[in-house]
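The listed protein sequences correspond, in order, to chains A and B. Following this note's numbering from start to finish, the first sequence increments by one per residue and tops out at 471. Following this note's numbering from start to finish, the second sequence increments by one per residue and tops out at 786.
Just so you know, these hints were derived from the structure itself, not from any lab.
Not everything, but these chain A residues come out facing chain B in the computed CB check (under 10 Å):
hint : residue
1    : Phe365
2    : Ala389
3    : Ala461
4    : Lys462
Quick caveat: nothing in here was measured; it's all calculated off a predicted structure. Yeah, the Cβ is synthetic: ideal placement off N, Cα and C, and Gly gets one too.
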Amino acid sequence: MIVNRKPLTFWEKLYLPAIVGGFKVTIRHAVRSLFGGKTVTMEYPEQKWAVPADYRGAPYLVKDQDGNTKCVSCQLCEFVCPPKAIKIIPPGPAGRPADRSNAEKMPQEFEINMLRCIFCGLCQEVCPEEAIFLQKDYSLTGLSREEMIYDKEKLLALGGVHGGIQKWKQKLEEAKEQETFPVKV
Amino acid sequence: MSTTATTETKPAPPVIEKIKVKVDGREIEVPKLTADWSGKLTPTTMIQACEQAKTEVPHYCYHPKLPVAGNCRMCLVEFGTPALGPDRKPVTNPDGTPKIAKSPRPAIACATPISPGMEIYTNTPGVKQMREGVLEFLLINHPLDCPICDQAGECKLQEYSVDYGQSGSRFVEPKVHKPKAVDLGPRIVLDDERCILCTRCIRFSKDIAGDDALGIVNRGSYNTLTAYPGKVFDNNYTLNTVDICPVGALTSKDFRFQMRVWFLKETKSLCTSCATGCNIIVGSREEKVYRYTPRENDAVNACWMCDHGRLNYKWIGHKDRLKDVLVRGQKTAWTTALNEIADKLKAAPHGSVAIIASARQTNEELWLLKKLADKFGAMTDSVGRFGEGDKFLLNVDRNPNRTGARLIGICQANVGIKLRPIAEFIRAGKIKTLIVFGEDATKNGIDAELLGKLDTLIVSGILPNETTKRAHYLLPGCAHVEKRGTFTNIKGRVQKFMKAVEAPGDARPEWEFLHDLVYNVTGQNGFLTIEGLFNEMAKDVPAFSGLTWAGLGDTGVTVPI
Numbered sequence: 287m288i289v290n291r292k293p294l295t296f297w298e299k300l301y302l303p304a305i306v307g308g309f310k311v312t313i314r315h316a317v318r319s320l321f322g323g324k325t326v327t328m329e330y331p332e333q334k335w336a337v338p339a340d341y342r343g344a345p346y347l348v349k350d351q352d353g354n355t356k357c358v359s360c361q362l363c364e365f366v367c368p369p370k371a372i373k374i375i376p377p378g379p380a381g382r383p384a385d386r387s388n389a390e391k392m393p394q395e396f397e398i399n400m401l402r403c404i405f406c407g408l409c410q411e412v413c414p415e416e417a418i419f420l421q422k423d424y425s426l427t428g429l430s431r432e433e434m435i436y437d438k439e440k441l442l443a444l445g446g447v448h449g450g451i452q453k454w455k456q457k458l459e460e461a462k463e464q465e466t467f468p469v470k471v
Numbered sequence: 226m227s228t229t230a231t232t233e234t235k236p237a238p239p240v241i242e243k244i245k246v247k248v249d250g251r252e253i254e255v256p257k258l259t260a261d262w263s264g265k266l267t268p269t270t271m272i273q274a275c276e277q278a279k280t281e282v283p284h285y286c287y288h289p290k291l292p293v294a295g296n297c298r299m300c301l302v303e304f305g306t307p308a309l310g311p312d313r314k315p316v317t318n319p320d321g322t323p324k325i326a327k328s329p330r331p332a333i334a335c336a337t338p339i340s341p342g343m344e345i346y347t348n349t350p351g352v353k354q355m356r357e358g359v360l361e362f363l364l365i366n367h368p369l370d371c372p373i374c375d376q377a378g379e380c381k382l383q384e385y386s387v388d389y390g391q392s393g394s395r396f397v398e399p400k401v402h403k404p405k406a407v408d409l410g411p412r413i414v415l416d417d418e419r420c421i422l423c424t425r426c427i428r429f430s431k432d433i434a435g436d437d438a439l440g441i442v443n444r445g446s447y448n449t450l451t452a453y454p455g456k457v458f459d460n461n462y463t464l465n466t467v468d469i470c471p472v473g474a475l476t477s478k479d480f481r482f483q484m485r486v487w488f489l490k491e492t493k494s495l496c497t498s499c500a501t502g503c504n505i506i507v508g509s510r511e512e513k514v515y516r517y518t519p520r521e522n523d524a525v526n527a528c529w530m531c532d533h534g535r536l537n538y539k540w541i542g543h544k545d546r547l548k549d550v551l552v553r554g555q556k557t558a559w560t561t562a563l564n565e566i567a568d569k570l571k572a573a574p575h576g577s578v579a580i581i582a583s584a585r586q587t588n589e590e591l592w593l594l595k596k597l598a599d600k601f602g603a604m605t606d607s608v609g610r611f612g613e614g615d616k617f618l619l620n621v622d623r624n625p626n627r628t629g630a631r632l633i634g635i636c637q638a639n640v641g642i643k644l645r646p647i648a649e650f651i652r653a654g655k656i657k658t659l660i661v662f663g664e665d666a667t668k669n670g671i672d673a674e675l676l677g678k679l680d681t682l683i684v685s686g687i688l689p690n691e692t693t694k695r696a697h698y699l700l701p702g703c704a705h706v707e708k709r710g711t712f713t714n715i716k717g718r719v720q721k722f723m724k725a726v727e728a729p730g731d732a733r734p735e736w737e738f739l740h741d742l743v744y745n746v747t748g749q750n751g752f753l754t755i756e757g758l759f760n761e762m763a764k765d766v767p768a769f770s771g772l773t774w775a776g777l778g779d780t781g782v783t784v785p786i
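So that you can see chain B by itself, here it is in the shape it has in the complex (with noise of 0.2 Å):
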């Protein structure tokens, strides 16, 4: 089990010496050494430094996040070596500069460590007959499933294939056939005959998940991917393997035919399903969520996302969702319902109101949230949602932003503490406004009874419970793919994510009529945009001195808690 792939703070990284290589003649400085997929230091390989010249060498074994197996021999590269004269002196050229020994035998760019004035050759004509000669290796046994395999847009050996391969195939026998469609866990589906034997998901089970499930027997070209006989692939990070499987052989359950992959427009956001945060990409087509991948970010989750968070999505296009502004039952026009709850609210006593915000909102909307309680008193509080985590990436927490709602104020460290506080005043009947996040009231403390005391209740939520039903106001809001936002891991990541897809009906994201409700009730205006918000937030809670919309990235700033 890596846990250096969920590393927050790093200690201050030790001085490393920089070496002059030269990349298809261009001359750049890489570190001698370079952080390996379990963080150790390592030699840096020549794929590495290509990469920081950014020259492209084609691959399919190595991933930079797992152990190198230099199996797949698609990385080889020409490469020559300052020569060295019989009294160990480098020998120089005419002009001075140092004379290279090109090396007789190209080398696989993943494996081979550089050295100081190493000179790649990624673009000789050798080199493209060997990367052709790959793929026709490669190519002769894998069938022409395209049409029908959902790995087709996103394969490295389609794009290789038409990068670097030969247009045609000189190959006439019988292919070899294996097992196809092979049910490997709940998850996965296994095509054997796309398998081209790279072995990258064997190396992320084994060392990544843990979980050593997977392997290759027989010979020669009956090499076949299988699970360990009598062993279900069943860990909780199965859907990794599918990501990097450069071709179509580990395809998701989930998303089997689902739609093609050209199709999905790519969304950066981040998984609700627990405090972590890893970052995703939403893949959307025609305002419908297909699927979650995770997107690369060292300081979070790597390259990696557990299954659990990844299949959390059906819910945000289910038809029970909330789509109207219900006055009363009476379907309303925002306006009007924002003007009669800011008029009753300007009209509350001091201390008869409470908020029970939900941590899986944004910083934003709680920051809001916190600014209309502080106008009346009210007390606030959120709700715990806990499960069991593991030791990589599912937290035991399972709010997505209970730090960010910590951060500004609406809940304690103790999360849901004031929750029977609220309920004995209501009925006390002290408290006669309740104010409910995208939360079941009745499910905390505060049953169907207490909130029939109240003389006014207003909800705001994306799915129907016992607490929208009973709503006076209910303001259908939105998941966080319909809108933008920021979050707060549980280590501290404020991380943004963007809009997906449009809300259903007449919901609206939660910050912008909390902005509306904000404004009608304190008299205090600014930000019509996220960014605004955001920024003006930073300015005003402590822990979010110093950051800006812009500057959190795609990758976010960890904030000290």
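This is chain A alone, in the form it adopts within the complex (with noise of 0.2 Å):
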């Protein structure tokens, strides 16, 4: 599609109106920010921006209510995470026993690199154990490139505690009470 330009008028052509009227715009600003208290700017990083409630941050894992791993190294992330930023060691045969006894298995090792993350979300939407959430922090920074590589703990201070549904541990008690049925192997 070719667009036909206007030609300018003389009054355009001087360039002087808009100059002034940027001005005008100015000045407005400066006035308003001394003596109106309308500040626009913020004294970031000191300041931050308080972000919407739906905002996809950084991810990081989280506890249950009862302080317990809740990640139990299915790898669904490390699998659906398109820049490959996540990585995590299962725990193999001989590997810490897991925080909840009847979910077998938690991460030996769970590393995020921060440099290659892209805050889609697939992490957060693919786990099965509600364990990783993206959160607020927006800004990380670090020294190094292995500073930014986070790794279990550090993902896990981050992260904080998320409670939910205990599935486990339901099914535990709920395997308790069976015990006392008559027939028992």
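Two chains, two frames, some hints: make the complex.
So, in structure tokens, the structure goes:
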């Protein structure tokens, strides 16, 4: 499509009216922020934006209300992660026992390379255990690339507690109730 | 104990009458009789006919290499047979086609024999509903363990639920809880909650492995798979039950929580732990081997492999692997080392060289070594490796390629018979150059003192030993999963294997640098690819005549031995 440019009028060709108009805006804002108390800038990073409730920031691991690691290292997030930012080392047969005994496993190591992460939220969406959530942090800094690879301890510390239905606990209670049933193996 | 699984040369198959059946409206011709799990000819079943028609019928308890149990009901299909009139003659439709009397009840495809003119319907609304119903019942007590279950990703219950099941569960009552993480034996963990009671493992243990160790106890919802009280499930074939378990009830302790199966790259390969040469799939990820699983080859191992071979892979990623080309202890580049070796060998007088090859090397590598040996009139031999065998798959000969070494002329039928003469000649100072591939000479009569008398000791190996320590030229080699090649098994089956992972450090496949060496020494050129090399070898070695790399296929070719 070709758009025909309208030729400038004499008044427009002078440019001065536009410059004056620009100054008017600048001075209006200067007066407002100096005397009207209406600042348009903020003292970042001391001050930060309040991000919206559905904001997608950095993904962190969370614990349940009993302080147990929720992740069971099913590695679905590692599989789904588009930039391959997540690396999980499963516990193996001789790994540390899981926090919740009947969940049987939890990751030996869980790393997110925050330089690679694109905050897309697929890990949160795919997680069957509600163990990883995109939180509000958007400004992650570090002095080296290694520092930007967050390990399990760091992710859990940053993630905090996110309660839920605690299906493993329920399952354990359900199984305990059935122990009194006459039929035993 | 089934011996038919390893039948190498089958007798001429009897002529079997063929009958016509229709699967979902498509007419196919299938033999009236088909060999069952034990090799006996039995009437062809509907599921076998559907398989030949390339129509998938979902099933749990049916396994082509196991006796039919017919307990899971997943393979229910509808069918009809030609209607017969009161005169026992087929009734025809007005257009002349035979009238089909549709059976009022469905039948399990795994145990119902076909009859001429039968029509099988696998896709009707009724069949779909039945599958949905069966799956709903199976899932009533099945725990939602998928995130922590090692079977996830290769679980038939997952797959069929997606393909044929319902999206939601209507079951609101508590599930029946059964024992979890039961220690069934040294290599097996059992999760009874996940078991769908198909009894494949029981039938395998009883009829194939010949160790009737498993059974189901308790009634109704409390049906529980267990080992016979006081008996440990520890025969040499236990891990096959993990493969055939359609769900995650039986899992391998070795593979437990190691890696999710969907990450594993699957490479067709061979087991090298004995001379049977079971076909396997190597599961690897990021240059690490995680597991071996058997690959079907009816001429060798059917669907099975032994635990001994399956767990013998950890040496591949060992931290001590030889990674550097060393010339008298100094790290060197491949070309420098190979040129130096070639110069030394060219200057060696006739008869002053001996070669100890390994029956763990591939046919191609042995053939290249044989070419070197022919050039110098060198004595060659290999090292025997024997252990206890069993009547099923594990062979007494623990070398994967002794037959190949013999056919190529590296060793005699009596392997290792020339090791003593080689030692004597070294002592006498007649042999000045020794080439050792993949074996420890010091453990085979040529001790450190004798090695010290040599002018040149060329060693290629994978893991360090006393011989590699004393090598003047040390050439790091590859494990079989790091290269391609062929082995000849004890019964003369030439089979090829593919590369799964990269070799560590500077290590190179032996056939690659042997080819360079042969070229440098003898001037014979040719085959920069394994395909070309194999084809060249097949032309040269009478036993392999007529073979081609491509012609080997995935399951190999048997040569007369």
